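Novice: Residue strings, one per chain:
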Amino acid sequence: MAGNFWQSAHYQQWILDSQDLIQERRPDLEVLTEEEYQKIMIFFTNFIQQLGETLKLRQQVIATATTFLKRFYARNSLRCIDPLLLAPTSVFLSSKVEEFGVISNSRLISTCQSVVKNKFSYAYTTEFPYRTNHILECEFYLLESLDCCLIVYQPYRPLVQYMQDLGGEGEVLQLAWRIVNDSLRTDVCLLFPPYEIALACIHMACVVHQKDCKQWFAELNTDLDRIMEITRYILNLYELWKTYDERKEVQALLQKMPKPTTQPVPR
Amino acid sequence: MDSEWKEKRNNERAKVEELFCYEGCKVGRGTYGHVYKAKRKDSSDIKEYALKQIEGTGLSMSACREIALLRELKHPNVINLQRVFLSHADRKVWLLFDYAEHDLWHIIKFHRAAKANKKTVQVTKGMVKSLLYQILDGIRYLHSNWVLHRDLKPANILVMGEGTERGRVKIADMGFARLFNSPLKPLADLDPVVVTFWYRAPELLLGARHYTKAIDIWAIGCIFAELLTSEPIFHCRQEDIKTSNPYHHDQLDRIFNVMGFPQEKDWVDIKKMPEHGTLMKDFKKNNYSSSSLVKYMDRHKIKPDGKAFMLLQKLLTMDPTKRITSELAMQDPYFLEDPLPTQDVFAGGPIPYPKREFLSDEEQDDKSDNKKKVFMEQSWTNQQRAAATKGGGGGEPASKRVRLGHHQSSIGGQQNFSHMTQRNHPNQQQHPGHVQQGGMMNYTNTQQSSNFNQRY
Chain C
1 MAGNFWQSAH
11 YQQWILDSQD
21 LIQERRPDLE
31 VLTEEEYQKI
41 MIFFTNFIQQ
51 LGETLKLRQQ
61 VIATATTFLK
71 RFYARNSLRC
81 IDPLLLAPTS
91 VFLSSKVEEF
101 GVISNSRLIS
111 TCQSVVKNKF
121 SYAYTTEFPY
131 RTNHILECEF
141 YLLESLDCCL
151 IVYQPYRPLV
161 QYMQDLGGEG
171 EVLQLAWRIV
181 NDSLRTDVCL
191 LFPPYEIALA
201 CIHMACVVHQ
211 KDCKQWFAEL
221 NTDLDRIMEI
231 TRYILNLYEL
241 WKTYDERKEV
251 QALLQKMPKP
261 TTQPVPR
Chain U
1 MDSEWKEKRN
11 NERAKVEELF
21 CYEGCKVGRG
31 TYGHVYKAKR
41 KDSSDIKEYA
51 LKQIEGTGLS
61 MSACREIALL
71 RELKHPNVIN
81 LQRVFLSHAD
91 RKVWLLFDYA
101 EHDLWHIIKF
111 HRAAKANKKT
121 VQVTKGMVKS
131 LLYQILDGIR
141 YLHSNWVLHR
151 DLKPANILVM
161 GEGTERGRVK
171 IADMGFARLF
181 NSPLKPLADL
191 DPVVVTFWYR
201 APELLLGARH
211 YTKAIDIWAI
221 GCIFAELLTS
231 EPIFHCRQED
241 IKTSNPYHHD
251 QLDRIFNVMG
261 FPQEKDWVDI
271 KKMPEHGTLM
281 KDFKKNNYSS
291 SSLVKYMDRH
301 KIKPDGKAFM
311 LLQKLLTMDP
321 TKRITSELAM
331 QDPYFLEDPL
341 PTQDVFAGGP
351 IPYPKREFLS
361 DEEQDDKSDN
371 KKKVFMEQSW
381 TNQQRAAATK
391 GGGGGEPASK
401 RVRLGHHQSS
411 IGGQQNFSHM
421 TQRNHPNQQQ
431 HPGHVQQGGM
441 MNYTNTQQSS
451 NFNQRY
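Sequences listed follow chains C and U, in order.
Taking the UniProt record's numbering, I'd label the letters of the first sequence as residues 1 to 267.
Taking the UniProt record's numbering, I'd label the letters of the second sequence as residues 1 to 456.
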C-alpha cells in the first residue's frame with residue numbers, strides 16, 4: 001500500500017498526543033521512572049532489531065514490528081503481556097503485513113531461543129520460555145489492540161525522496177538512515193508523521209556533516225518547531241546512551257518491570 | 001499474558017454470533033471461506049450485511065493482507081470493510097461488509113437466459129456504460145494506491161441493490177493472497193477448479209512473471225465485452241487447468257480466434273515472453289487470418305464505428321504497454337456521449353434481477369458444486385441451451401456466487417491539506433492521480449475519513 005498518508009489509519013488513529021501517552025503509561029510509571037520505562041523500551045527495540053537481523057528481515061519489517069510493540073504498550077501496561085512474548089509476535093505479524101513471507105513457527109521460536117541465549121544472556125539467564133501456541137494467542141490480542149491498523153508508514157521512503165531532492169552525498173543519507181533507526185528507540189513514531197521524522201533526521205545528519213541546508217528547509221514550508229521537537233527526542237536518547245550501560249543495568253530493570261500474573265486470581 | 005487482563009478483554013469483546021443473525025443464511029462458499037447474509041440482532045439498524053468467515057484458522061498471510069489493505073481502502077466503488085471480528089475460541093476471523101444484492105456474474109447470466117428465451121430484459125440504455133465507468137473508477141483508485149486486483153471477473157464485481165447506494169458498483173475479492181508470489185505459482189495453490197482463464201491477459205498466458213495494472217485492464221475489457229454481448233468473449237473449455245504452467249494453449253487459441261494472431265508490429269516485445277518459443281511452435285498465424293475483434297463484435301451487433309467498440313479495442317489491446325490505463329479510459333468519448341453514465345446503474349428504473357438464494361449449509365455441497373462447475377464450463381453451449389429452460393447454467397459455480405457490498409464512502413471525503421506544500425507529502429506526490437475525481441459522476445461527499453474512526 002503506497003497510498004496517501006493523510007487518509008491512512010496510521011494518521012487518523014495512531015498519531016498520539018504526548019500528554020495522552022503519559023496518561024496511558026501512568027500505571028507503569030507508578031512502578032518505574034520515565035527513564036527506566038524508556039530503557040525497557042530501548043531493550044525490546046534492540047531485541048526486535050536483533051531478532052529481525054537474525055531472521056534476515058528488511059529494516060522496514062523490523063521498524064513496523066517495533067511500531068506494533070510500541071503501539072500496544074501505548075494502550076496497555078507492560079503487565080498485560082510480557083514484552084519478551086510480544087516482541088517476536090510483532091515480528092511475526094509484521095513479516096506477514098510487509099509481504100516478507102510467513103516466518104515458520106518453528107524457525108521463529110528457535111531463532112528467539114538462540115538470540116536470547118547468544119545475544120541477550122546479560123539480560124536473561126533462563127531459556128526463551130514461549131512456544132508457538134503462545135505467539136498465536138498473543139497475535140490475536142495484538143491485532144485487537146492495534147484495531148487492525150496494520151499498514152505503518154515509515155520515515156525511510158520519504159527520507160530517500162527528500163535526499164534525492166536535496167542532492168546530498170551518500171554519507172548524509174547513510175547517517176540520516178541510521179538516525180531514523182535510532183529514533184525507533186524514542187516515542188517519535190507514536191507522535192509524529194513519518195515525513196517529519198525523516199526531515200528531523202536529515203537535519204541532524206546535515207548538521208553533523210556540516211552541510212548547509214538552511215535554504216532547502218526554509219523552502220519546505222514545514223513547521224520547523226515540530227522538526228526541532230523530534231530532534232530533541234532523539235538528542236535525549238543520545239544523551240541517555242552516554243551514561244547508560246544496558247549490559248549492566250537491564251537485568252535489574254527487567255526484574256523491576258511490572259509482570260503478568262498467569263494464574264487466575266482465586267475468588 | 002496476564003490472566004486478569006485477558007479475562008477483561010474476553011468479556012469486553014463483541015462476539016459476531018451475539019451481534020449478528022446469520023444462521024442458515026449462507027450465500028457464498030469458495031476458497032476464500034464462507035459468506036453469510038446477516039442482520040443485527042438488536043435491530044439498531046435494519047441494514048443487511050455480508051459476513052465473511054475466512055477459510056482456515058488464525059491469521060494467514062492472505063487474511064492479514066486483506067485486513068491490512070481493506071482497512072485503508074476507501075472508495076465508493078471498492079468494497080468497504082466495516083469491522084473485523086476475531087473469534088479467539090475457534091481462532092476464526094470474520095469480516096463485516098455491507099451487503100450487495102447483485103453481481104455481474106448473476107446479472108449476465110440473467111441476460112443470457114432471457115436472450116435464449118427470446119425475451120428482453122428491461123434495463124436502461126446506459127447501464128453497461130455506467131457499470132464500466134464505475135469499474136474503471138474503482139480500479140483507478142486501487143491502481144493509484146498500487147493495489148492490483150489480479151482476479152477481476154464478473155463474479156467479483158458487485159452491484160448494490162435497493163437502498164442508499166442503489167445500483168452502485170463495488171469491486172470485491174482483490175487477490176490479496178497473490179501479492180507476494182510470482183503471478184503464476186498461486187494458480188496451483190488455489191482450488192484448481194475455481195480458477196478461470198477467460199479473463200487472463202495474453203502476457204500472463206505467455207508466462208509474464210509479474211502482475212501489472214495492464215493485466216487488470218485486460219480483464220475489464222473482457223467484462224465490458226461480456227456485458228455488451230452476454231457471452232464471455234474468450235470462453236474456453238477448461239479441463240486440464242490443474243497444471244501450474246501458465247501457458248494455456250486452448251485459451252490462447254480462443255483469444256486469437258477472436259482477435260486474430262498478434263502482428264509483430266502490434267506487439268514488439270512478444271518475442272521476449274518466456275513462452276514465445278512454445279507459441280511459435282504450437283500456432284500458425286495463418287489459421288487466424290480471418291479473425292478480428294471487429295468481426296467478432298459485429299456478429300454480436302456491436303458496430304465497429306461506435307464509441308463502445310472503440311473503447312473496447314483500447315482495453316483489449318494485446319500489447320500490455322499499449323493498453324489504455326484506467327485514467328485515460330475514464331476520459332474516453334464513450335462516456336461523453338448520450339446516455340451519460342449514472343451513479344445508480346439502473347438509473348432509477350426497476351431492478352429486474354432476482355435476489356441471492358441461500359445455499360445449504362452442508363459441507364458436501366462445495367464438492368458437488370465444484371464438480372458441477374467443471375461440467376458447466378466444459379459444456380458451455382449445452383448449458384446455454386439448458387439455461388433457457390432451467391434458468392441455470394453459466395461459467396461460475398454456485399459456490400462463487402456471493403459477494404459483498406458496502407455503504408457510503410467517498411474519495412471526496414479526503415482531508416484538505418492543500419495549505420501545505422506538495423513537497424511535504426512524498427506519498428501524495430508519488431501518485432498525483434489519487435486525489436482526482438473522475439469528471440462525470442458527482443458522488444455525494446461524505447465525511448468519510450472522520451466517520452471511519454467511529455464506525456470502525
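Please keep in mind that the hints were generated in silico from the structure rather than gathered at the bench.
Just so it is clear, the structure is predicted and the values come from calculations on it, not from any experiment.
Just to be clear, a hint being listed does not mean it is correct.
Some chain U residues well away from chain C (every beta-carbon gap over 12 Å; in silico) [stated by the list, open to error]:
id	residue
1	48
2	58
3	63
4	68
5	266
6	298
In silico BS3-like cross-links for lysine-lysine, where the CA-CA straight-line distance does not exceed 30 Å [as the list claims (entries may be wrong)]:
id	chain 1	residue 1	chain 2	residue 2
7	U	6	C	259
8	C	259	U	8
9	C	256	U	15
10	U	265	U	213
The beta carbon of each residue, even a glycine, is placed where N, CA and C say it ideally should be.
Novice: Confirm or reject each hint.
Specialist: Hint check results:
1. 48: Residue 48(U) clear of chain C: closest Cβ-Cβ about 23 Å, beyond 12 Å.
2. 58: violated (6 Å)
3. 63: Non-interface label fails for residue 63(U): nearest chain C Cβ at 9 Å, not farther than 12 Å.
4. 68: At roughly 4 Å from the nearest Cβ of chain C, residue 68(U) sits no farther out than 12 Å, so the non-interface label is violated.
5. 266: holds (32 Å)
6. 298: Non-interface label stands for residue 298(U): nearest chain C Cβ at 42 Å, farther than 12 Å.
7. 6(U) - 259(C): holds (14 Å)
8. 259(C) - 8(U): holds (17 Å)
9. 256(C) - 15(U): Between residue 256(C) and residue 15(U) the Cα gap is close to 36 Å, so the pair fails against 30 Å, i.e. violated.
10. 265(U) - 213(U): holds (22 Å)
Of the hints listed earlier, those the structure fails to meet are numbers 2, 3, 4 and 9, in rising order.
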